[in-house]
Amino acid sequence: MNFSVLSSQFWSLCLQGVALGFIYVLISLGYTMVYGVLRLINFANSEVVMMGTFATVVAEVAILKNVSTSDPLHGFRLVYTLVFALVFSSLICGLLGVLVELVAYRRLRALGTNRLASLISAIAVSIVLSEAARIYTHSAPVTAPRLLEKWSFGEIGGANFRVDTVMIILAGSIIFFALDRFVNRSRLGKAIRAVSMSEENSKLMGINLNRVISLTFFIGGLTTGAAAFFYTTVYETTQFNVGFNLGLAAFTAAVLGGIGNLRGAFYGGIFLGVLEQFASAILGSQWKSVTVFLVLVLVLLIKPSGIFGEAVQQTRT
Amino acid sequence: MNKKIQRSLAVASAATLVFGVSAVSSAMAAPKTVYLAFQAPLTGPNALTGQDELTGAKFALSEYNATNPAIKVELVLADDQGDATVAASVAPGIASNKTIIGLIGPAYSGATQASLPAYKAAGLPLISMSATRVSLTDPKAPVNGFPIFKRVVANDKFQGPALVRYATKGIATPKVYLVDDVSAYGAGLAEYAKKTITSAMTAGKDSVPVNTSDYTSVVAKVKASGANVVIYCGYAPDAAKFVKALRDGGYTGVFASGDGTLKADYPVNAGKAAAEGSRLTAADVPFENLVTAAQMTAFTKLTGVKVPGTYVTSTYNATNIYLACIKQGKTTRAGIQNCITTGSFKGVAGDTIKFDRYGDIIGGAAVGAFVIKDGKISYVGVA
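In the order they appear, the protein sequences are chains A and B.
Heads up, the first sequence stops at 316 in numbering that gives the first Met the number 0, and the numbers go up one at a time, no gaps.
Heads up, the second sequence stops at 382 in numbering that gives the first Met the number 0, and the numbers go up one at a time, no gaps.
The set of hints was computed from the structure by calculation and includes no laboratory data.
By construction, the Cβ of each residue, glycine as well, lies at the ideal position given by its N, Cα and C atoms.
Errors might be hidden in some of the hints.
[To be verified] To list a few chain B residues with every Cβ distance to chain A over 10 Å, as calculated: (1) Lys139; (2) Val304; (3) Gly349; (4) Arg356.
[Claimed, not checked] Straight-line distance between alpha carbons at most 16 Å, and here's what the computed EDC-like set of lysine to aspartate or glutamate pairs gives: (5) B/Lys271 x A/Glu154; (6) B/Lys326 x B/Asp137; (7) B/Lys222 x A/Glu154; (8) B/Lys156 x A/Glu148.
[As the list claims (entries may be wrong)] Beta-carbon label-pair distances, calculated as ranges: (9) B/Gly380 x A/Val289: 51 to 57 Å; (10) A/Trp150 x B/Ser95: 56 to 62 Å; (11) A/Ser6 x B/Ala120: 50 to 56 Å; (12) A/Leu187 x B/Ser377: 57 to 63 Å; (13) A/Lys64 x B/Ser95: 27 to 33 Å; (14) B/Ser95 x A/Glu130: 39 to 45 Å; (15) A/Leu282 x B/Val379: 50 to 56 Å.
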């Protein structure tokens, strides 16, 4: 164990953990939104992230003609490229989410099959997406161009406020709070919450169930796509299997926070990001996963609804 | 389509899937032709390693076949993606193919370990061009290659110290932070590198599993340790992510790595700026430094490659050892095994290659030093 790193790098680890946590938050929203409405885990969401990272590369390289060896962008071109890639990745993932619902869930739901069947069909879709990407890329990593020069706003207590770190935290916060308001304040958000509470009653109230479920998958896909964009912008690389680790971490975050509610996913994601950083720093990087899953098991044993499960129950989607 | 043809195609496809191999030539049944398998990552993130090495094997074969020998030799390709799990599923297919009398490879240590049970059971001789993990030739190790495994490269017992030597060269007071990727290769190399790092030189150590995306916590630890040399024992895709994170995190010291990172796509994936100046080692001397101009022209004509990649020299040597035995009329696995074990062979550098009882070259082999210069790998000399 190495506690000495804490004294000099404590705030740095916190900041990096929060930034990583925001990526988890945005992905875990994809899990938690769907769970809130269907009470099912959308296992295909991990591959939706992966497709989002490739969509980001496609937007940056194939559509906007940046190359991996070019210099970072500046001014309007930079803003335009980032916004376009973010929107493109989010839309692709949103539409993919809708497609996943159509293929893996809707028909089985209409037939009234066992809930397990939907989980398996979601895993099947996940494998199809992952394998398709593997074959298409020959299992090789794909490098994204460096769009953003990694300059720093400055250091506070050893924490380096680098532009990409700040961007993730700010944009991630905006996206989360916009979604939170949408679900809690808008008419459509009310419909989502109604379906979450009771499918039968919401049908009686005239809510189009299929439309609301598709919308939920779409919104979950949008936030997942945003996470994929941030991931690709920061790490500048992706691979066909990138979704597995990210999906697992985000799913863990959702469960830690209390799956099914938005704020639980938020707290769970940030908690997990920071926990990973501290576990890596103190125990060694090879102990990161062990620590995370040990904490998950402990949390579930003590509080099966997740750390923030009950406190934020009213925000359930 | 005729049903019989359809059925035959289905059977052929299934056989290819099961055995995971594809023959370079379709003349499997031709008389006086023997087959050598070539096992390396030919697809996947580490494909460049295998594709580079394949050029060495192809060139050696073309030189041999051009002499119109009595026994023709052809290659059978086995793609293990450098992955132990894939290798374990590929090896039984190769082992059961009795027309194959020897195997060039496997290229990776983890893949070799996973393949050994199938090959040992079938008595198939192996000569690896780049599997450097020490335990493969250690009789006390639980998974060693005795008696079938030989290698024409220096193992990590030599590369580990050479890597530390080269990484710290010219630095007055080196503080070394050692990172491995927890793979059979990475952890093994790190073990032998660590033995050379004195306590005064030690800044810290970490193990980051393969396929990790986020290296920020390691970067924080490197910075906190005050290290001015970071040695990474792992493969190129992860090394590229790590060095990028280090440079973005403000680390300005030396970044060094072993042969797993010595790939042309390392500076491409890491970005020219981040990779520049990386010090790399490999138990390899560039092929173009050893062959004649005429041979280089012929090599380029055959492979389309102007600058041979890593481990082309050792692959060429490994292939030539088999060919020398075949020239002596050895066309069975047992015959080849006996020939390799007892014979003495000539390397492309004019060196003599003779294996010890457990499969290493007697006297060892040179470890080369390389640097990334202007985004490209440049040979410096012997590390």
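We went through each hint and held it up to the structure:
no. : hint                            : verdict
1   : Lys139                          : holds, 25 Å
2   : Val304                          : holds, 18 Å
3   : Gly349                          : holds, 37 Å
4   : Arg356                          : holds, 35 Å
5   : B/Lys271 x A/Glu154             : violated, 26 Å
6   : B/Lys326 x B/Asp137             : violated, 31 Å
7   : B/Lys222 x A/Glu154             : holds, 14 Å
8   : B/Lys156 x A/Glu148             : violated, 41 Å
9   : B/Gly380 x A/Val289: 51 to 57 Å : violated, 43 Å
10  : A/Trp150 x B/Ser95: 56 to 62 Å  : holds, 58 Å
11  : A/Ser6 x B/Ala120: 50 to 56 Å   : holds, 55 Å
12  : A/Leu187 x B/Ser377: 57 to 63 Å : holds, 60 Å
13  : A/Lys64 x B/Ser95: 27 to 33 Å   : violated, 50 Å
14  : B/Ser95 x A/Glu130: 39 to 45 Å  : violated, 27 Å
15  : A/Leu282 x B/Val379: 50 to 56 Å : violated, 37 Å
Taken one by one, the earlier hints fail for this structure at numbers 5, 6, 8, 9, 13, 14, 15, listed in ascending order.
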